[in-house]
Every structure is written in structure tokens, then in C-alpha cells.
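2 protein chains.
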Amino acid sequence: MAIQSVVLKTIYVGTFIHSVSLAELQVLKRSAVAVDESGKILLVEHPVEASMLEMWAKEAGTTIVEAGPGQFFFPGLIDTHIHASQYPNSGIFGKSTLLDWLNTYTFPSKLPSRNPAYYATRDVTSTNILATTCHTAGQRAFVGRCCMDCMAPDYYRDTDAATSLADTIKCAEFCAKLDPKGELVQSIITPRFAPSCSRELMRDLGDFMAQSGLLCQTHISENKGEIELVASLFPECKNYATVYDRAGLLSEKTVLAHAVHLTDDEIALVKMRGSKISHCPVSNAALTSGAAKVRRLLDEGIVVGLGTDVSGGYSPSVLEAARQATMTSRFVSLTEGEEAKLSVEEALYLATRGGAEVLGLQKTVGAFEVGMEWDALLVGCTFVPDEEECDEDEDLLQAKQAVGGGMTPVDLFGWENWEEMVAKWLYSGDDRNVLKVWVKGRKVHEKPA
Amino acid sequence: MAIQSVVLKTIYVGTFIHSVSLAELQVLKRSAVAVDESGKILLVEHPVEASMLEMWAKEAGTTIVEAGPGQFFFPGLIDTHIHASQYPNSGIFGKSTLLDWLNTYTFPSKLPSRNPAYYATRDVTSTNILATTCHTAGQRAFVGRCCMDCMAPDYYRDTDAATSLADTIKCAEFCAKLDPKGELVQSIITPRFAPSCSRELMRDLGDFMAQSGLLCQTHISENKGEIELVASLFPECKNYATVYDRAGLLSEKTVLAHAVHLTDDEIALVKMRGSKISHCPVSNAALTSGAAKVRRLLDEGIVVGLGTDVSGGYSPSVLEAARQATMTSRFVSLTEGEEAKLSVEEALYLATRGGAEVLGLQKTVGAFEVGMEWDALLVGCTFVPDEEECDEDEDLLQAKQAVGGGMTPVDLFGWENWEEMVAKWLYSGDDRNVLKVWVKGRKVHEKPA
Numbered sequence: 000m001a002i003q004s005v006v007l008k009t010i011y012v013g014t015f016i017h018s019v020s021l022a023e024l025q026v027l028k029r030s031a032v033a034v035d036e037s038g039k040i041l042l043v044e045h046p047v048e049a050s051m052l053e054m055w056a057k058e059a060g061t062t063i064v065e066a067g068p069g070q071f072f073f074p075g076l077i078d079t080h081i082h083a084s085q086y087p088n089s090g091i092f093g094k095s096t097l098l099d100w101l102n103t104y105t106f107p108s109k110l111p112s113r114n115p116a117y118y119a120t121r122d123v124t125s126t127n128i129l130a131t132t133c134h135t136a137g138q139r140a141f142v143g144r145c146c147m148d149c150m151a152p153d154y155y156r157d158t159d160a161a162t163s164l165a166d167t168i169k170c171a172e173f174c175a176k177l178d179p180k181g182e183l184v185q186s187i188i189t190p191r192f193a194p195s196c197s198r199e200l201m202r203d204l205g206d207f208m209a210q211s212g213l214l215c216q217t218h219i220s221e222n223k224g225e226i227e228l229v230a231s232l233f234p235e236c237k238n239y240a241t242v243y244d245r246a247g248l249l250s251e252k253t254v255l256a257h258a259v260h261l262t263d264d265e266i267a268l269v270k271m272r273g274s275k276i277s278h279c280p281v282s283n284a285a286l287t288s289g290a291a292k293v294r295r296l297l298d299e300g301i302v303v304g305l306g307t308d309v310s311g312g313y314s315p316s317v318l319e320a321a322r323q324a325t326m327t328s329r330f331v332s333l334t335e336g337e338e339a340k341l342s343v344e345e346a347l348y349l350a351t352r353g354g355a356e357v358l359g360l361q362k363t364v365g366a367f368e369v370g371m372e373w374d375a376l377l378v379g380c381t382f383v384p385d386e387e388e389c390d391e392d393e394d395l396l397q398a399k400q401a402v403g404g405g406m407t408p409v410d411l412f413g414w415e416n417w418e419e420m421v422a423k424w425l426y427s428g429d430d431r432n433v434l435k436v437w438v439k440g441r442k443v444h445e446k447p448a
Numbered sequence: 000m001a002i003q004s005v006v007l008k009t010i011y012v013g014t015f016i017h018s019v020s021l022a023e024l025q026v027l028k029r030s031a032v033a034v035d036e037s038g039k040i041l042l043v044e045h046p047v048e049a050s051m052l053e054m055w056a057k058e059a060g061t062t063i064v065e066a067g068p069g070q071f072f073f074p075g076l077i078d079t080h081i082h083a084s085q086y087p088n089s090g091i092f093g094k095s096t097l098l099d100w101l102n103t104y105t106f107p108s109k110l111p112s113r114n115p116a117y118y119a120t121r122d123v124t125s126t127n128i129l130a131t132t133c134h135t136a137g138q139r140a141f142v143g144r145c146c147m148d149c150m151a152p153d154y155y156r157d158t159d160a161a162t163s164l165a166d167t168i169k170c171a172e173f174c175a176k177l178d179p180k181g182e183l184v185q186s187i188i189t190p191r192f193a194p195s196c197s198r199e200l201m202r203d204l205g206d207f208m209a210q211s212g213l214l215c216q217t218h219i220s221e222n223k224g225e226i227e228l229v230a231s232l233f234p235e236c237k238n239y240a241t242v243y244d245r246a247g248l249l250s251e252k253t254v255l256a257h258a259v260h261l262t263d264d265e266i267a268l269v270k271m272r273g274s275k276i277s278h279c280p281v282s283n284a285a286l287t288s289g290a291a292k293v294r295r296l297l298d299e300g301i302v303v304g305l306g307t308d309v310s311g312g313y314s315p316s317v318l319e320a321a322r323q324a325t326m327t328s329r330f331v332s333l334t335e336g337e338e339a340k341l342s343v344e345e346a347l348y349l350a351t352r353g354g355a356e357v358l359g360l361q362k363t364v365g366a367f368e369v370g371m372e373w374d375a376l377l378v379g380c381t382f383v384p385d386e387e388e389c390d391e392d393e394d395l396l397q398a399k400q401a402v403g404g405g406m407t408p409v410d411l412f413g414w415e416n417w418e419e420m421v422a423k424w425l426y427s428g429d430d431r432n433v434l435k436v437w438v439k440g441r442k443v444h445e446k447p448a
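Just so you know, the sequences run in chain order A and B. Residue numbering for the first sequence follows numbering that gives the first Met the number 0, starting at 0 and increasing by one per position. Residue numbering for the second sequence follows numbering that gives the first Met the number 0, starting at 0 and increasing by one per position.
Derived by calculation from the structure, the hints in this document are not laboratory data.
If chains are identical, the list can't say which one is meant, so a pair holds when it fits in one copy or spans any two.
Restricting the straight-line Cα-Cα distance to at most 30 Å, the calculated cross-link-like pairs of lysine-lysine (BS3-like) are:
id : residue 1 : residue 2
1  : Lys180    : Lys435
2  : Lys446    : Lys435
3  : Lys28     : Lys94
4  : Lys442    : Lys8
5  : Lys94     : Lys270
6  : Lys57     : Lys446
Just chain A, same shape as in the assembly (with noise of 0.2 Å):
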């Protein structure tokens, strides 16, 4: 085992918990994960022995990063769905659905002159603006500046098909130098939906999509009013779906948000083309928009990951998201039977491997792997001690005279083993309980003490 010190930057140590597939958690205990200077997963040591750990200290420039008693490493949550400007609307949606929701607290113009800000705006600086912001903070992003040429009001409208397009190619042009090899950053072509775009500019986006690599967003069957209008503004496709693919638009590299009311015919098509689904769950019930019949998806093989949709959904925290997403399948079981019930586990899947392979990172993020980068959290709760009685695995008998992660709103009791741990941790947490957060091996945030 000769690892050159010159490579080894940082080694994690503690208790490692990744999906493994759609319905496994893995618990690594008393495990490493060793880190090189560009944020890439050298060695994963399952368990790693104290004589190893003791070599690794000596060697010179190695930094060794240890969980706490109790805490836990978990791969970093991917939102594959989030409109950045409206954050401030956040909670702002009385009882409306989509088409009104987006007239009355969405299109307004007070909003995109507030908000220099994933779903951009329309505007070119605005979205060049959020992109720097992400890759100043070593965050993740991909950024797309929202197209529409029509069926918007006209102060939130691009003038024309070619001017949109010309705009997204100066918006992609930007990200291109801002991050050369896309480590962070990427540009993502993005017609809000077809409802507010020409055939002509989703066939030029279509066009720019083939040529270009780069990825596309956009929102597919949310709600049943605007799937009406779907079928009335395009009435030579015979559902939703088909308008995207007329255009180019439906491929391995389009991320489909929403996808509620998906016909048999367009899980097909959607299957066949490989698109992937961004689940929204909390918008979806927030906006009665209906429930995503995600088991089905899963079933026929398609890839899926959560979203938060601010401002549709409320809340920017794919926890919450993961949460609600058990609680949205609990409420389709009850029409389509026991399994289409979501796990904890598979819930957070679809918030890491799941949201990976829907943005094609799934080679790069989603967990602890040789080869991976190191996206990741460091989990803690609260230990309420309790004298009398305690488990047989000394690393939670440590944790109750530690306190692991301060005030936060899990609290255990040291009965608990992992996996009711990791449980606690997706109903009852919050971002309280993430102490640390990583990025490409660059810690991004710190819970402030």
C-alpha cells in the first residue's frame, strides 16, 4: 500500500454512508476516504486500520479530516431543479396552480429587477451573474438562461426567436470561459416550457443543443390546464412530450422536470430517448399540480432525481424534498397500491446517484467512490444523554458523552444504529445538521459555531 504523499491531500476518516443501489444504503464504519489535490477520490479503506491512519498522519502535507463520534459523512444533495431568481417568493403562492401562480407572483416585473440571479432569468447579466456567484462559492451549477419568446407578459419576454437564441449562445459562451472545462460550472440550454416558446426557437435550441453538447432543462406535463394548452398550442404533436422531441429537444442529455401526468405513450418515448426527470414533489403539492407517479418511472428504467423548484416548492432543501417525496408516493399508494411507496434509502438515492446521473455526473458525484470527487456533508445531531441504557457499538457509546452536531432539530438517545440515525436525520432535519459541506474537495461552508 505505497501512496505517495504528493497525492494525497486529504484523508477523511469516520462513518461513510452512500447509496449503493436504488434501495441500499451502505454504511462504511471506522472507514477512510482518501482525497488528492483536484477533489478526486483516491482510496476508499473499509475499515481503515489505526496503523494505516497513524502512517498517513506522519506523511507531510496530508491533512486528516475526522467525523466526530455519532457524525457521518454522506454524499453532497443534488437539487436538479431550482429557479434561483425567485428565491425571495419563497412561500408566496396563496391557493394558485401553475398557469396562475406564474402570472400573479412569478412573471411580475419587480422580481427579475430584484434578483441578479440553475433557472436564471431571461436576462444575459443577470444569469452571467449567477454563474460567477456558484463558481466563486466552489459551488456546482449549471445555469441556464430561461427562453421564451412568447405566451409571457411582454416586459418578461425575449423579443424573438433569434434574439433568444443569440442570447443563450452569449450566456453559453460566458460559462465556456468562466470554466473552460465545465469542473464547476456549465451552461445548460433552457426554454422555460412550450408553452412560452415558438416552434422555431425550440427547433433553434434544439439545433444548438446537438451542436453544442450541452445539456437542456425544461418543465414537461406539471399540470392538467397546462397540458390543455399544450394540446391546443401544438395540435400536430399528439401529447406533450412530442413537441420537445419534434424540436431535437428530448434526448440522454435533457433533464424533464415535473413529469406528473405522463401518458403511457410519453414514458415510451421519454424511455426511448433516454430523458431524465426531475421529481419536484414539494411543488407539486404545493401548487396542486398533482403526485409524480415516480415508482413507475423508476420501473421502467428511467432516471430520476429531486428538485426543489423554488418557488413552486417553498423550501430550498433537497432533505425536504427527499422528505416529501416519501410523503407524495405515500398519498399515490393509496390509489396504486403498497409499492410505489418510496424508502428512506431510495429517497436518498434519488437525492445523490439518482440526481447525478439526471445532470450526467454520475460518474463524478453521488458517492464515495474510487475515481468520484469529493462532493460531500458532514451529518451530525443532537445527543440527549440518557444513563441507563446504551447499544453495543462503541462509536454511538462515544457519541453520548460528545455532543455531535450541537442544537439541532434530530435529537437521539444513543438506541439508535445508523439507519435509524440516517432516518431521523430525513424527517426531522434540517440544515442545522450539516456541520461541513465539500465540493470538489474544497470545503464550501462551516457551520457557524
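Here the structure of chain A is known, so what remains is to put chain B in place on it, guided by the hints.
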């Protein structure tokens, strides 16, 4: 306006927001609420003049508590259904539904032995410890020993109906000694639910209810399997509600948790008896119980409050219950129509005045009215500096210079009106937005600095 200084103890000054009807939240800006030493509201002055505040400030023994800019007072939120002893299990339910959840997670012996404590356990001592704990903390609580003389595992069952009644009476006597006037803590008669109570026990508890004047709480019609079980156990009753009614347990002092699948006949019976409903949306989604038709109950004139139902529900937050009540109502509206949706105002009414009326406290708490008691929260959000634009509201202008609530999950940008601030609090808020809590005029919680 001659108010004796001996009477006025504390004067709260700032913005007060409370329900004046199911559909309407009233915003009292620049107002004052005067509270006497016993915690009773003597005066609601709206708006309050500066000269009056100056006069009060000079009176000996009077304290003035001012809300900061952008902060507001809100009536204390009321949880009408929580199993205190199950709190450590929050978030641990897998894919279970009611009956298997009870057997797998809830009844196992480690729980009662681990937790000396609402719904307490079936143990007299631990029930009384819970009552004492609430009383010492200055919290209001109805604490009930959980009665169950059948259908539960041996280790978690009362020996027989007579013992069950005797133990219930012991707990009632304990509370009567602890808090003779029942100003904060009262005992509540608590048959767990029909399947775990013999006819004899329920009749005995019904008699005790009539004789003691105490409230009664139990579960009803949570889950279809449970309903079938009740039908098979009580073939002489035409429905679930009738089981309780025959035992004399349905009265205007009865709190029925869940009521997800009540039939028309049962709704009519519940209405006739004046019994109240505790709606538990988080639990009903988590355990796939179904979606209670709250609008129907409200339209019938039945009183409804909210319950967290920990740990069937994974969150002890009534704000989360209110939030999920709006989400569940949207799932209901998918089949029952638009009018099923609950608004922000309605959800917060259920969390305050609705809950108060469920517990017979409608003249005591739930709003800011003369003669009620000062049960209140001070709510603050986080202001995000924005130099460009602002509103005309002076309080909000000031707020932009200050930080309303420190670090909270609710970001304000300065353009929100009070109604929008409340919506943001409902949908994004948590305990970090609660800066102070008073019960009966006494401060029982303050957010750590």
C-alpha cells in the same frame, strides 16, 4: 383611560397578528396589549398612541416589552394530539401503516421504560411525571394515561378494566392536586382507541367522564385496516363512532384524533354530539392513513384543531402540522375540488383558535382579546439587506436596518407586506423564528442569543 398600575403588569407593544375568523388574519400594527399579573389580557389598544406608552412607561411595576422592527406577536400554537412518550421514535416508521407500525415501533417495551413520559404511557408514575414536567415548565397540557386492556402485547396492557379505571383516577387525582384550578395542567381521559379497549373499560371511562367533567381524547377512523378491525370487534355497532357513543364517550368534551375516513353517518353523529376533531396531516401522510377532508368537517360546523401526532407524525412542530395541513388539503382537492384547499389564514386558525376550541379553551387562548390569557409567540425573520427598493411601511423600513430574528430559515427582502411575511413564516419557518414564548403571561422560552 385610567388603568391602575397595580393591575397592569406587562405591556406588549408592536404588531400583533391573529385570527378573527377562519378566513381572516387581522394585523394590528403599532398596537399594545396590556396583561395583568395573572396573565390575563386587560386591554388591546389599536393603534396605540405614543403619549399613552409614555404614560404607562412611568408607572411603577409596569414592564414594556417591545417587538423589534419586522417582528410580530402571534398567539401560541396549540397541539391537540401528541404522544409525548413516543418522541424518541420520531422519524422511525419505515413504510409501515397504523397497525403494523404500532406493533413494530410503538408497543415494544424499550419505549415505555426509556421514557418517563399529552398521550403519556399507560404507567401512572410516568404519566404523573409528564404532568409535573409540563407544570414546572409553565406549559399548558392535558395529560392522559393511555388506557388499554386488550389487543396490545401483554407487557404493554392494563391488567383489566377495573385496574385501568383505577389508574386513570389516580392520574386525575394527581393532576387535581398539582394544579387545583386546572389553570395549566389538567388530566384527560384517554382510551387509546376502540381496538385496545374492552366494552367494559370504555363504559367505565364514559361514566367517569360524565362524573368528573374531564375532557376525553381518543383516536378514530385513522386507517382502513383499523376501521375493519373495529367493525369485526364491535359487530353490534354500525360504525366506529357508534362504538364510542354507546360507551358515553362522545360528547362536546371529546377530542377525536384523525377522522380520516368518517362516513356521512359518523360525521352527523360527531356533529350532533359536539365532539371535536384533531387533524394530524403529517402523521396521516407518513403512515399512509389517507387525507382527512377537513373542509367537509368545517363546512358541517365541526370544530377542528391540529395535532402533530408524534411519533406517527415525525415532527413536534405545530407550524409543520399547519404547513402540511395545507399540502394535504391540496391532495384532497385533486378529487374533491378547489374549495377543499386550506389557505394560510385557515391553517393558522386551526393552529390557534381551532385548537383552543377543541380543548374547550376558546375563551382563554388562541387570540389577542380582552379577557383571554397571554399565550403568545414573538416571531422574527431574517432581513436580507437590499439597498435599492423598499416599501412604504415604516416598520418594515426600520426592519431593513435591523435583523428581525437573527439567522432563521425565513429570508425577507423588504418588499413583503405582513400577510406575505406570515405566509413565508408558515412555509419556511421553524423554531428559529420563535424568539420568545409566553404561556399565561409567563415567559417560558427565549431563543438562545
